[in-house]
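Peer 1: Let's have the full structure, built from the sequences with the hints guiding it.
Those sequence lines, one after another, are chains F and L. Position in the first sequence counted from 1, then plus 121, gives you this note's numbering. Position in the second sequence counted from 1, then plus 21, gives you this note's numbering.
If you are wondering where the hints come from, they were derived from the structure by calculation, not from laboratory data. Among the clues, some could well be false.
For lysine-lysine, the following DSSO-like pairs were computed, each having C-alpha atoms within a straight-line distance of at most 30 Å [to be verified]:
# : chain 1 : residue 1 : chain 2 : residue 2
1 : L       : Lys109    : F       : Lys225
2 : L       : Lys90     : L       : Lys272
3 : F       : Lys166    : L       : Lys271
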Amino acid sequence: MSPVQNPAGIPVIPAPKSGAEVYNGIMGTIEPELMTDQIPLMKEKYKDETPEQKKARGQRYAKAMEEYDRCYAQYLQEQDAKVRSFKIGAIHYVEERASQRDRKMMQPFESSFGSHS
Amino acid sequence: MLFHSPFNFFRENRRVFVDKPGAMPEVTDTQKQKAAEVINALQETLKADPDAAGAIAEFKVEEADKDAKKFQEAYHTALKNAANAYYKSLAAEDDDQAKVEKINDLFKAAKAPVAFQLAGSELVIAPEAPEEKGEKGRVLSATEKQFIAEAFPKPKEAASAERVLKAMQKGSPQLKVAETVYKTFIDLPLAEKQAVLNNPQSRQKFLNALTPEGRQFMAQLSQDLEASSKELSEDELEEIEENARNFLKKKKFDVSKASEMEKNLMLAQLQMRGIDTSGGEEILKDPSKLKAFKGSPMERGFNQIMGLITLVLLYIQKMKDMFKPKEKKSPEAPAEDKNKKGSEALSPEKEAMRQKLKEQMKSKTGAVLLSERETKRTGIQNQIKTTNNLKGKTDDESKVAYEARKGELPQLTQEEAQLSQEIAMLQEMKKETETQKSTLTAGKDALVSYLKQPNAKAKIPNGDQIRENLEKVSFTLNDRYELCIRNITGDAVDPAVLNVLSGNVRIRSGITGIDHFAIDDQGVLKQPENLQTLFRQLLEGFRAEVKTDEPPHPAAAPAVASAPAGASPAAPASPKS
Numbered sequence: 122m123s124p125v126q127n128p129a130g131i132p133v134i135p136a137p138k139s140g141a142e143v144y145n146g147i148m149g150t151i152e153p154e155l156m157t158d159q160i161p162l163m164k165e166k167y168k169d170e171t172p173e174q175k176k177a178r179g180q181r182y183a184k185a186m187e188e189y190d191r192c193y194a195q196y197l198q199e200q201d202a203k204v205r206s207f208k209i210g211a212i213h214y215v216e217e218r219a220s221q222r223d224r225k226m227m228q229p230f231e232s233s234f235g236s237h238s
Numbered sequence: 022m023l024f025h026s027p028f029n030f031f032r033e034n035r036r037v038f039v040d041k042p043g044a045m046p047e048v049t050d051t052q053k054q055k056a057a058e059v060i061n062a063l064q065e066t067l068k069a070d071p072d073a074a075g076a077i078a079e080f081k082v083e084e085a086d087k088d089a090k091k092f093q094e095a096y097h098t099a100l101k102n103a104a105n106a107y108y109k110s111l112a113a114e115d116d117d118q119a120k121v122e123k124i125n126d127l128f129k130a131a132k133a134p135v136a137f138q139l140a141g142s143e144l145v146i147a148p149e150a151p152e153e154k155g156e157k158g159r160v161l162s163a164t165e166k167q168f169i170a171e172a173f174p175k176p177k178e179a180a181s182a183e184r185v186l187k188a189m190q191k192g193s194p195q196l197k198v199a200e201t202v203y204k205t206f207i208d209l210p211l212a213e214k215q216a217v218l219n220n221p222q223s224r225q226k227f228l229n230a231l232t233p234e235g236r237q238f239m240a241q242l243s244q245d246l247e248a249s250s251k252e253l254s255e256d257e258l259e260e261i262e263e264n265a266r267n268f269l270k271k272k273k274f275d276v277s278k279a280s281e282m283e284k285n286l287m288l289a290q291l292q293m294r295g296i297d298t299s300g301g302e303e304i305l306k307d308p309s310k311l312k313a314f315k316g317s318p319m320e321r322g323f324n325q326i327m328g329l330i331t332l333v334l335l336y337i338q339k340m341k342d343m344f345k346p347k348e349k350k351s352p353e354a355p356a357e358d359k360n361k362k363g364s365e366a367l368s369p370e371k372e373a374m375r376q377k378l379k380e381q382m383k384s385k386t387g388a389v390l391l392s393e394r395e396t397k398r399t400g401i402q403n404q405i406k407t408t409n410n411l412k413g414k415t416d417d418e419s420k421v422a423y424e425a426r427k428g429e430l431p432q433l434t435q436e437e438a439q440l441s442q443e444i445a446m447l448q449e450m451k452k453e454t455e456t457q458k459s460t461l462t463a464g465k466d467a468l469v470s471y472l473k474q475p476n477a478k479a480k481i482p483n484g485d486q487i488r489e490n491l492e493k494v495s496f497t498l499n500d501r502y503e504l505c506i507r508n509i510t511g512d513a514v515d516p517a518v519l520n521v522l523s524g525n526v527r528i529r530s531g532i533t534g535i536d537h538f539a540i541d542d543q544g545v546l547k548q549p550e551n552l553q554t555l556f557r558q559l560l561e562g563f564r565a566e567v568k569t570d571e572p573p574h575p576a577a578a579p580a581v582a583s584a585p586a587g588a589s590p591a592a593p594a595s596p597k598s
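Peer 2: Here it is in structure tokens:
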């Protein structure tokens, strides 16, 4: 899982996401009715439902929430991996720059050795 | 390899969030676990009440928000670590400021979204607004800066130490003592300094060598540092308050139109967001009065957990309120029932019908009553249909028959309507009890699984015994469409089981309702938690549905249970009966 690199070489920090974006992103694929903008509409939408239908809906939602928990745990793991990868990329970047700097500093000496050999 | 030694950490496989970022209110693992347990309980509630989805979603959004912030913080920390590694490789060159500029140039060229500044001996990410607002106190001397840099290698500690030292008055006796301590420390050889910082015995030796005032100063400094590092900064407090105001705005909450329940739900949600809600609904009327809850990290975490628990209790209360009109049948309740509005209240006619049916169910099962009425209604409907069919016919026989029957039509229609109402009422009574049964069963199951957890076993005296006995009971509908408690096999419940449960569980009332839940006298749980919630729900279920309606001894249950629930009526009523 290697992070996106910008042209200058350092990994790009992913754009920060709000909690609602993360939640809706996951929940949207599981149970769109439980997305934050849909929940307030529930009351009106189901005002005429029977107790059986209500119970069935509750069970559907509970299942969706469980599924969300599973997906969210997976999402956290992916983010974790991205952060680890980013750490490595950032270190590589400065390491590379330091090596370049050292090579530059050594160049005059190396060429002076070369000219005497 | 230039970075060999500073980069050891990059081979580490540890989790990203070992340390909590300073901006987050620190919640302990136990508190987190409690919150998770409460959420699990709420998810159980969801099965019976889909309206609880809103609260759960909010919690999950909140959780995702916190995690997203932690990830951003982790990215910044990674950049900071890289910058510090580069900084150390520049050791032989330039002065400190020049090095910082060089690093900032390097990261700027790489389009990193941060800039760095020195704090002690380490680079930290510079705040976006370079000027620190409200900086109080005096300017620190070079010795003090050196002391901070050497004695507090961690940036957060260094920042806290700086705040504490800056607060000391110039020329004060306390500052003079402090200066002696700095000097003593700074003059130590490097190895000894390291030992003082890392080895408790060397630290004690260092402290013993100080004057009594010096020791007192160090003790005070440690105390101040601890308090200072745990306090929320002004920015953090403002952020919490701003988030809560935005939340209120987003919800378009109108306090003038909100019911008491809605106000309490909103207050609980604000409390979950770290707001001090002790002022009650005043903060809802005027959101500018919203203030973040101040206190130690544990107190702040507890305040949030309390908000969550209150929210859960309120949702359960809301759910129970939905059941109320059907439960309140006792003679002391009618005045309250009359005051109920809309669908919650039963009309006097319906109330009378319900009582009549309950009375009839003492001699016949609910199923029999339902079946009798359905059969009778079908007969009447057939009679009405037959009479109406005769109406259009032209033969003499039909005309005579219609004339003879038409006088019965109004009465038959009225009877049919009455029967339909009674059938609907019987079906409703059954469904209500079934819903209550599933709610209580879900609560019982969640409680049993909670009591199976190792931490619950350690915490709850007799937890295993309670769990074992809970596992022996089940909720069922009796033939009168009432909720009752039975053995798990459906037989009469063993009185000993109920004795264990009621002997181990007590509920105590406080100012805010039931605020203590006790298991045995020694095991008072001082904090409400999901266990309390579920037991409360469960026991209220026992009380409201079983103990008031059933004879005091559970052994009486089999008499009712023995009547076959699905038995058909002995003889179908004739259409004309």
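Peer 1: Take the hints in turn and mark each one as holding or not.
Peer 2: So, going through the hints one by one against the coordinates:
1. L:Lys109 with F:Lys225: Given pair Lys109 of chain L, Lys225 of chain F holds - Cα atoms ~18 Å apart, limit 30 Å.
2. L:Lys90 with L:Lys272: holds (22 Å)
3. F:Lys166 with L:Lys271: Measuring from Cα to Cα gives roughly 21 Å; hence the hint holds.
Hint compliance for this structure: every hint is met.
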